[in-house]
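This is what each chain is made of:
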Amino acid sequence: MKVTEKNKETSSPSQALNRQVMVSVSHVRKAFGPKVVLSDVDMSLHKGENLVVLGKSGQGKSVLVKCMVGLLMQDVGSLKVFGEEVKDLSEEGLRQLRIRTGFLFQHGALYDSMTVGQNLQFPLTRVLKLKDRTEIEQRVREVLEGVGLPESIDKMPSDLSGGMRKRIGLARTLILKPEIMLYDEPTTGLDPITSREISELMLQMQRKYQISSIIITHDMACAKITGDRLMVMNDGAFIAEGTYSELENSEDALVRSFFI
Amino acid sequence: MSITAPASIIRLLRDAGEQMDFMKGFLRNIFRSGFEWNEFLRQCFIIGYKSLSLVGITGFILGFVLTLQSEPTMKEFGAESFVPSMVAISIIREIGPVIIALICAGKISSSIGAELGSMKVSEQIDAMEVSGANPIQYLVVTRVLACILMIPLLTLMADALALMGGFTASNLNNDIPLGLYFNKAFAAVSFADLIPAVIKTLFFGFAIGFVGCYKGYNSNRGTESVGIAANSAVVAASLWIIMLDAIAVQLTSVFAYN
Chain R
391 MKVTEKNKET SSPSQALNRQ VMVSVSHVRK AFGPKVVLSD VDMSLHKGEN LVVLGKSGQG
451 KSVLVKCMVG LLMQDVGSLK VFGEEVKDLS EEGLRQLRIR TGFLFQHGAL YDSMTVGQNL
511 QFPLTRVLKL KDRTEIEQRV REVLEGVGLP ESIDKMPSDL SGGMRKRIGL ARTLILKPEI
571 MLYDEPTTGL DPITSREISE LMLQMQRKYQ ISSIIITHDM ACAKITGDRL MVMNDGAFIA
631 EGTYSELENS EDALVRSFFI
Chain Z
-1 MSITAPASII RLLRDAGEQM DFMKGFLRNI FRSGFEWNEF LRQCFIIGYK SLSLVGITGF
59 ILGFVLTLQS EPTMKEFGAE SFVPSMVAIS IIREIGPVII ALICAGKISS SIGAELGSMK
119 VSEQIDAMEV SGANPIQYLV VTRVLACILM IPLLTLMADA LALMGGFTAS NLNNDIPLGL
179 YFNKAFAAVS FADLIPAVIK TLFFGFAIGF VGCYKGYNSN RGTESVGIAA NSAVVAASLW
239 IIMLDAIAVQ LTSVFAYN
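Line by line, the protein sequences give chains R and Z.
For the first sequence, the numbering used here gives the first residue as 391, with consecutive numbering after it.
For the second sequence, the numbering used here gives the first residue as -1, with consecutive numbering after it.
Source of the hints: derived by calculation from the structure; they are not laboratory data.
A hint or two may mislead.
Using C-beta positions, here's what the derived DEER-type ranges look like [said to hold, decoys possible]:
#	chain 1	residue 1	chain 2	residue 2	range
1	Z	Ser31	R	Arg409	36 to 44 Å
2	R	Thr524	Z	Arg40	54 to 62 Å
3	R	Arg586	Z	Ser51	47 to 55 Å
4	Z	Ala3	R	Arg409	47 to 55 Å
5	Z	Ala14	R	Gln600	45 to 53 Å
6	Z	Pro4	R	Arg419	25 to 33 Å
Just a few of them, taken from the derived set where beta-carbon distance is under 8 Å, the chain Z residues facing chain R [stated by the list, open to error]:
#	residue
7	Ser120
8	Glu121
9	Val128
10	Ala131
11	Asp243
Here are the simulated lysine-lysine pairs, DSSO-like style, with alpha carbons at most 30 Å apart [said to hold, decoys possible]:
#	chain 1	residue 1	chain 2	residue 2
12	Z	Lys48	R	Lys545
13	Z	Lys105	R	Lys545
14	R	Lys477	Z	Lys22
15	Z	Lys22	R	Lys519
16	R	Lys425	R	Lys598
17	R	Lys456	Z	Lys48
18	R	Lys545	R	Lys598
19	R	Lys470	Z	Lys22
Don't be surprised by glycine CBs; every beta carbon is placed ideally from N, CA and C.
Looking at chain Z on its own, in the form it has when it is part of the complex (with noise of 0.2 Å):
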């Protein structure tokens, strides 16, 4: 008697294994000769330029509220004063990194998802294959390397106007000078909160365009598969934060913080 694997583990098996062969076509057109540099830095300035505001309000609204929330509490046990620290400590730690991660995957892998599904769907993506061209190295390598670079960057703005915000809310029933308020706020923040936190991001940023680049690359013909490719490379790409993000914690609390 033969067993046979259900459908959908087959389906997520061949699906695993397309996604190590794209990464493979990926990693080894990396290196090749002729990097397209022109398109990179005009990837760089669309993921990175063009999310600037919805970034930078997020961040300042996260550092806003998260003082809000814990403020009341803080002062229930008399301790005020570590509002800043622990404003600073979780931004840059976690909630900073993750937070802007998800709403890169919403705004950078669909619509990197979306252009390259088009792209497939009208066969421009082909058109540029037969001519000789190498489309991956054109359009996969450029992309997820910006991500790469971009995200961090993103991050790092998000966590200093995060830091804003929380003194802007610190000071709507306080008086609190800038400079107490971010002297509080590094006081309790090292290099060995700093690094770790901008390595993970460095692969959220990669998660974010290889998904993108990936689900539009290998979307189906249709009109209809473009929105499929759109959707599918967020919920892609937010799973990948997520566990990335969870690996990523055991290992900092393993090498870092001990």
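Bound conformation, chain R alone (with noise of 0.2 Å):
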């Protein structure tokens, strides 16, 4: 179904939800140079939902996550997350709201010259300036126990495969309990079967920390796997707006050409 009808679709997956907003997008857009990234888009993240942005590379989906988080600051208009609006947040405010957001790279993005269990612990000394050894040790523990590598604590990042750096990149996300995660093509590179196991996990997650996530990818099976609802992006704005059936059987060749 076509975003500019989706307000008059009373079974729109969004709207059934009616739930507390956790991210709200309106007439954003964004521009580096005269190369215009975000035209306008606008979109919205419920509590305990699982929402999948798909588009071609070079749509802005990256760039629309980075603006969430403070990364990026969009141009022109309103970007709220947990109600606040980010551009606005002081420096204490924005450090808050990242403490509440998770956001995972594409390639994990774990600090190199740490083994695993630090980059663990970087987050909870540095961020929430936990000191006890043994509270630190513990979520270490429990969180590398989550993701399924408790025996990888003391490796370095480069000794890791490509999906166990994801899962380590994930762990260290969720160490903070976060309320919302970022996924910035979780399963990119990866071989079907990691990739599988990648999606389960981040779905595993959500369910037993009540995780709202925006996940981007390319990765049908992924979306299959995760999405609650889905949304497709062209050109710098939302252009389709379902559940991935309703997707797959979509008016339009451009959203169809997606799960081909």
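Taking the hints as your guide, dock the two standalone chains into a single complex.
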């Protein structure tokens, strides 16, 4: 179904959810010099929901999620996370928002110079300022068991496979117990089996911690497993929204092309 | 009719503005609570200890070559006995600090630029930032302060080894006792030579650390930008060192030697 018609559609999944809005984006525009990346973006994320964002490369999907955590700022429009306008937040306000919002980068973005254990301790000691070694070790162990890699605690990131790096990246993000997770192409570059494992892990984590997630992906298997609702972006704006099966049978050839 | 400044001037001014912004961030974060002592000590080890051999060998050869080159000319004037003093003054006042700073710009500034550049490219800095941690405090403050501390120490060590190099070179054709050589060398050197030299190495250390961090932290995406960050860090840090030295020489000639 077309995004422009979504408000008229009573069966729209976003309306059916009728839950607290965690992220609300309205008429957001972002350009880099003469290149307009986001032309007019409207969307919302509800509590406990997994929203999948589909789109060709270079359509501005990553730019949109980076705007949500203040890594980039939109030129025009409103972007609210937890009901607060991101561009109006003070430095401390932005820090608090980032603590409540997890971001999994495409390649995990593990700190090369630290072991897996130190990577996981980093946000605990620097962000939550935990001092108690026992508590820190317990939380590290717990989150590593959660992603199924308790034995990798002393390994360096260079010793890990792509899938393991993603899992550890996810663990490092989850250790702060975020309320919103932003996944930037979480299964890119992985084999189908590992992709499926990561997708199932994301779903499992969402259920366990009641996290609301935005998942940017090209991987339709991942979209099918994880997505409560899917949105398709083209030329810097959303052109379609619906469940996996709704979009699979869309009249729009571009939308259908993702499912072939 | 509107007048537009050339693009290169605009780029230069924009870069200067961004560097000032970065420096503001650095200065503000020095005094924030939660100083990263462990990372600072690790950087001191990497910057200081791991540069010992390069700086030591360079210092020794500097004194050795300077002595070999100047001895024949001094001999012509019958001033051979002034060689140790000449070597000591030129090494301590000028050649030691500048050459060691340039060597360190090549080794340390490029390594910091490449390290932070690759962290930027692989989104590690972004990951640190979005987790709510403070990458400036963890990555920049520790590296710049470690450079400010270690460059003067490395320079002092290099100065000492340069004098040893001078002593070795003097003994190739003569037989000068160690005590006599150092007596001659230090007779001409005073604290007015040493203190300004040490003070300027603090600024050289700042330039080496700051430029490396700035270039790496602000590198663009893509692996190519890591090389560019490392290369431009060396070029910019070397220029800073030469300019700072010119200013320091003017200031010391006005305040210290008069």
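Going through the hints against the structure:
At roughly 39 Å, the beta carbons of serine 31(Z) and arginine 409(R) sit within the given window of 36 to 44 Å. The hinted range of 54 to 62 Å is not satisfied by threonine 524(R) and arginine 40(Z), whose Cβ atoms lie roughly 25 Å apart. For the pair arginine 586(R) and serine 51(Z), the supplied restraint of 47 to 55 Å holds, since their beta-carbon distance comes to about 51 Å. Roughly 53 Å separates the CB atoms of alanine 3(Z) and arginine 409(R), a value that falls within the hinted 47 to 55 Å.
Remark: the range hint 45 to 53 Å for alanine 14(Z) to glutamine 600(R) is upheld by a beta-carbon distance near 49 Å. Between proline 4(Z) and arginine 419(R) the beta carbons are some 31 Å apart, a value that agrees with the proposed interval 25 to 33 Å. Evaluation of the serine 120(Z) hint against chain R yields a held restraint, the C-beta minimum of about 6 Å falling below 8 Å. Hint status for glutamate 121(Z) relative to chain R: holds, with the closest Cβ pair at about 4 Å, below 8 Å.
The interface hint given for valine 128(Z) holds, since its Cβ lies 4 Å from the closest Cβ of chain R, which is under the 8 Å cut-off. Nearest Cβ of chain R to the Cβ of alanine 131(Z): about 4 Å, under the 8 Å cut. The hint holds. Because the closest C-beta pair between aspartate 243(Z) and chain R is about 33 Å apart, greater than 8 Å, the hint is violated. Proposed proximity of lysine 48(Z) and lysine 545(R) is supported: the alpha carbons are some 24 Å apart, at most 30 Å.
With a C-alpha separation of about 28 Å, the suggested pairing of lysine 105(Z) with lysine 545(R) holds against the 30 Å cut-off. Under the criterion of a C-alpha separation no larger than 30 Å, the hint pairing lysine 477(R) with lysine 22(Z) is consistent with the structure, at around 21 Å. The straight-line distance between the Cα atoms of lysine 22(Z) and lysine 519(R) is roughly 25 Å, inside the 30 Å bound, and the hint therefore holds. With a C-alpha separation of about 41 Å, the suggested pair lysine 425(R) and lysine 598(R) falls outside the 30 Å cut-off, and the hint is violated.
Our distance criterion of 30 Å between C-alpha atoms is broken by lysine 456(R) and lysine 48(Z), whose separation comes to about 38 Å. Distance restraint check for lysine 545(R) and lysine 598(R): the Cα-Cα separation of roughly 26 Å lies within the 30 Å cut-off, and the hinted pair is therefore satisfied. Between lysine 470(R) and lysine 22(Z) the alpha-carbon distance is near 29 Å, which keeps this suggested pair within the 30 Å criterion.
Comparing the model with each numbered hint stated earlier shows that hints 2, 11, 16 and 17 do not hold.
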